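Trainee: Got two chains here, each in a separate frame; can you build the complex from them with the hints?
Taken in sequence, the protein lines are chains A and B.
Count the first sequence with my numbering and you get residues 1 to 327, in order.
Count the second sequence with my numbering and you get residues 1 to 285, in order.
The calculated lysine-lysine pairs, modelled on DSS-like cross-linking and capped at a C-alpha distance of 30 Å, are:
| hint | chain 1 | residue 1 | chain 2 | residue 2 |
| --- | --- | --- | --- | --- |
| 1 | B | K185 | A | K240 |
| 2 | B | K71 | A | K275 |
| 3 | B | K185 | A | K286 |
| 4 | B | K168 | A | K240 |
| 5 | B | K185 | A | K261 |
| 6 | B | K44 | A | K316 |
| 7 | B | K44 | A | K211 |
| 8 | B | K71 | A | K261 |
| 9 | A | K275 | B | K185 |
| 10 | B | K98 | A | K275 |
| 11 | A | K35 | B | K164 |
| 12 | A | K68 | B | K168 |
| 13 | B | K44 | B | K98 |
| 14 | A | K173 | A | K187 |
| 15 | B | K168 | A | K15 |
| 16 | B | K168 | A | K261 |
Source of the hints: derived by calculation from the structure; they are not laboratory data.
Note that the structure is predicted; figures quoted are calculated from it, not measured.
Residues per chain are reported as follows:
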Amino acid sequence: MSEAAIKLTKGELEKMLAALMRDRTVFAPGSTGAKLEYLPVDDVSDIVFGDELPYKSPKDVFFPRCEKIVTFSENGAEAELPETQTVLFGARPCDLEALDMLKTILTQGKFKDPFFAARYENALIIGLACAEKKPGCFCDQRETDLDYSEKCDLFLRADGDKFEVLYVSDKGKKALGAHIPGLEQFKNTPREFRPAETLSLDAAEDDLFTKIDWEEITETCQSCGICTYVCPTCHCFMFKDVEEDDKAYRYRNWDSCMFPKFTLHASGHNPRAAKRERYRQRVAHKYVYIKENFGMTACTGCGRCIRSCPAGMSIKTVVEGIREELQ
Amino acid sequence: MIYEEMTKQIREAAKRLLKEGAVDVILAYRGGGLNEMQVPFFVKKPEDAELIEWGDRCYQNLAPYVHGLNKKVGILAKPCDVRAIVQYITEFQIERDKVTIIGVDCIGMVDENGNARPGCSECRVHKPPVYDEYIRDERAANLPAIEPKAGETTLEENLERFQKEIDKCILCYSCRQACYGCYCKTCFIERDMPDWQPAEIDTGTKITFHMGRAMHLAGRCVDCGACEAACQSGVNVRYIIREVTKFIEDAYGYSAGMDAEEPPALLTNKFDDKEFGFLGGERHE
Numbered sequence: 001m002s003e004a005a006i007k008l009t010k011g012e013l014e015k016m017l018a019a020l021m022r023d024r025t026v027f028a029p030g031s032t033g034a035k036l037e038y039l040p041v042d043d044v045s046d047i048v049f050g051d052e053l054p055y056k057s058p059k060d061v062f063f064p065r066c067e068k069i070v071t072f073s074e075n076g077a078e079a080e081l082p083e084t085q086t087v088l089f090g091a092r093p094c095d096l097e098a099l100d101m102l103k104t105i106l107t108q109g110k111f112k113d114p115f116f117a118a119r120y121e122n123a124l125i126i127g128l129a130c131a132e133k134k135p136g137c138f139c140d141q142r143e144t145d146l147d148y149s150e151k152c153d154l155f156l157r158a159d160g161d162k163f164e165v166l167y168v169s170d171k172g173k174k175a176l177g178a179h180i181p182g183l184e185q186f187k188n189t190p191r192e193f194r195p196a197e198t199l200s201l202d203a204a205e206d207d208l209f210t211k212i213d214w215e216e217i218t219e220t221c222q223s224c225g226i227c228t229y230v231c232p233t234c235h236c237f238m239f240k241d242v243e244e245d246d247k248a249y250r251y252r253n254w255d256s257c258m259f260p261k262f263t264l265h266a267s268g269h270n271p272r273a274a275k276r277e278r279y280r281q282r283v284a285h286k287y288v289y290i291k292e293n294f295g296m297t298a299c300t301g302c303g304r305c306i307r308s309c310p311a312g313m314s315i316k317t318v319v320e321g322i323r324e325e326l327q
Numbered sequence: 001m002i003y004e005e006m007t008k009q010i011r012e013a014a015k016r017l018l019k020e021g022a023v024d025v026i027l028a029y030r031g032g033g034l035n036e037m038q039v040p041f042f043v044k045k046p047e048d049a050e051l052i053e054w055g056d057r058c059y060q061n062l063a064p065y066v067h068g069l070n071k072k073v074g075i076l077a078k079p080c081d082v083r084a085i086v087q088y089i090t091e092f093q094i095e096r097d098k099v100t101i102i103g104v105d106c107i108g109m110v111d112e113n114g115n116a117r118p119g120c121s122e123c124r125v126h127k128p129p130v131y132d133e134y135i136r137d138e139r140a141a142n143l144p145a146i147e148p149k150a151g152e153t154t155l156e157e158n159l160e161r162f163q164k165e166i167d168k169c170i171l172c173y174s175c176r177q178a179c180y181g182c183y184c185k186t187c188f189i190e191r192d193m194p195d196w197q198p199a200e201i202d203t204g205t206k207i208t209f210h211m212g213r214a215m216h217l218a219g220r221c222v223d224c225g226a227c228e229a230a231c232q233s234g235v236n237v238r239y240i241i242r243e244v245t246k247f248i249e250d251a252y253g254y255s256a257g258m259d260a261e262e263p264p265a266l267l268t269n270k271f272d273d274k275e276f277g278f279l280g281g282e283r284h285e
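With the rest of the complex left out, here is chain B (with noise of 0.2 Å):
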């Protein structure tokens, strides 16, 4: 029932954007998808806006279609995705007045059984950070705040698990794909000078390519889920870029994606910044 009043309400919100010309296109979701699934949606004509849906099967992140993409732009965004886009204009990859976002709460998206999706079940920020329309959920008020489970472990247990997950890896780089933070036009893994990838598969190539990714979203990841979303085989690396997250928090006191206005940690350098060494020791003089 809630979901169904949200959906009209998105739905007139669309409409509404579509009609005054404050938009080009919409990206949003409708139905139609495997297991009940709801699928990404561009609207481009107010009719359209009648097929919109919102519920708990609003799995993908939809802020890597306004990437690249040379229109005014509405957007249905969850809290991650509003966070995502903030964090592509901190980053200037996208201007502020170019993009309409319509922050809706979010208690969380589930699977066909009923289980909390990646991302879902440590999420810390229900309510968008950032929006133009508002939609609102009642529920998300009421959510405990749960601390995400980082730095709790050592450095050789870290290392142990991080093998076992990616022994399940196919170096396909569906993750790197389908992360809003991966724009980069060549990927380093990609770059042949110096040769990142050696052509053997093996277990090396896989932790370059997944410690890789993880330090670069150093301070930028938003925990959206995607990346273990569309992993196929299961692996678990979103775990790894958490302990950078945290590490980037504690040190800096900085959240990715929060502040159109804060420039990100790793973008700034002030006189008193905490430096460190190579994974998080002694700085090395």
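Just chain A, same shape as in the assembly (with noise of 0.2 Å):
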């Protein structure tokens, strides 16, 4: 190492954490009792350190579950752009790629999201490397380095029992240069990953469609949707307007393309009412039509969605069928 690395202790770790939650929101890994997820904390002792990585993604500090969007009233529609400033620790590099694809697909293509924005803008982001894939995780096949990453404003590599500071950008540099010594001087080493092979889809849209045995892939799935409310990169969300006292509200909620009731139109007809044809739509937004569109695969290995399946289905044994069929 050269004579510029940073290491710190898990106590200065939890002093520059416990210094940014004075006037930030702070999620990090914490236990609901049941599972590790990404909770708001306003203790570090709550924090829960170590290489287990939370059941589900931390979208929902950018991209929450329930969000009031709109009020209506007598004054007309007004929308409030969310202006707290938050923290988020502990996110792993398979995360930290799907926040990035996020970014992209909300707030560089054709419509823009306003609240994703001020979110990831009012957000400071600090990763964390993996010491080791756990069962299901397909990472390396997804082109993501479990140990580096430069989509975050701080990386850091849990080593022994200090973190050495991997990575840091220059919103990191400027928020957290006064908490650790010699970040601002920091010069970053990029480094390149080449995974030894790469899962991903070059098939057409047609092929998926007409060569592939939908019926015979899905039948074991239960449209539980709960692939879609663990993944990353799942993004889709749907409306509903209520109408309290003299004001309305709209609010955001996550939908899933699982769910039957996602695409039923007002006449009834449904587009995708059997599950095999939900399940195509999953596996191509994320591997063919994202592409398309953005240039990027929309699955980043981190294997959620197997470990979630209560039927065990694997979106990476699928795609892999996928191949060996379409080649």
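Mentor: Next up, the structure:
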């Protein structure tokens, strides 16, 4: 290691997070008593360090499960952009990759999501390297380096009882320079990740529709939708308007393409009434459509959908099968 | 060893049923899941029966796959799966002669750390109550009967525990989707006349959903634990459903899914039935 290496003790890291808590909401891995997830914490002792991956991705820090976005009154419609300054601590390389994809999809495409953009702008993202792959993880095949990422403001790697700084962004230097001695002079050493093999699809949409037996692939699927809820890149949502007193509110909630009502038209027609069509949509959206629109595959190999599936289905096996079938 | 022997018997039965044409498809398990989980498997050809695996990682309740499957179907069924099938029959969802039950004794499933799976630790039914083919497990005969923990706490304690549990809920409805008994085409929570689900996903919405689901499962829950197993947030609402189950058992002496000829408690009305008010209190005149 060069002389510029910065290593923080756990105590120093906790002290920094505690200081950040004074004027920011800090989201970090914490236990609900049952599972590990990214929770708002107001005491550093509630943060769970270690290598376990929270069961759900941290996307709801930027894209909440339920969000009131517009208020309608006799004065017209008013949208309030979120102003809370936040810190996301302990996001893994797969999640960082996914957040960067969401940023591209939601803020750089044809339509812009001002709520996501504001939350992303207001957040300080501290990434953490994974020590090892967990059962179900296939990040390496999805071109995600579990040991390094630049898609954050500060990237750390646990090294014994210390945390080594591997990367810092300009925003990170500005916000954290006062807390970490030497951070402002820190020079990033970019790393290139070359996976041994890459899992992606170069299939034409027509082939996906006509040459693949989706009925067989999805016969054990229960349409429970948990894969979309734990996924770091799934971002479909729905609106619901409610009237209360003399005002009306528009809420945005997560939706899931696995639900039969997801594409139900007002006419009663449903273009994706069967689960084989819905599952095809999920795979095609991640591996084909987003690639066509944004040039990337929206799956980071975090393995959460595989670990969560009650029927033991695996998107990795499915995509591998499709590749074999279409070759 | 016992599981290997049972697997052999199951494969033979499955092969025979498929060869005879008694069934078009058999629902069973095969290996290949994470942490050695045995995953659901649709066997369509006799030679595929060789891939069937039976063991202590066959978590999934296979009964929901039968619902809406318009085929002559065989099912490798644990006692809880059998009870779900029987319940489908008594609720006129499937016809008895369209389903061939390969009933199998079950001493309970375990997770990768050897701990009992949801539903298994307090299971009372280790032998399939109804079957067409029967696969025996000697160990199932000697298991102690466990009385389910229900009816021991006060309403206030229950409410407090309930609120703590549903704090973890993200309202993804996986529990409903995994449940054999939740087969409504449109769930009450998704109906908008009246609108049961307000836009804001808060504690009230979650209470409405979980309470509504528990009430709809009154006297119908077979305690398979699929809801809790499907829940990735670790919410245990099954205990509240168990309270309802116990209430029905005490009031009408009815356990779901034990007898294909017996109509469900809440689908019949006898003149001497006890009548209760809301929440089991005095009848409101």
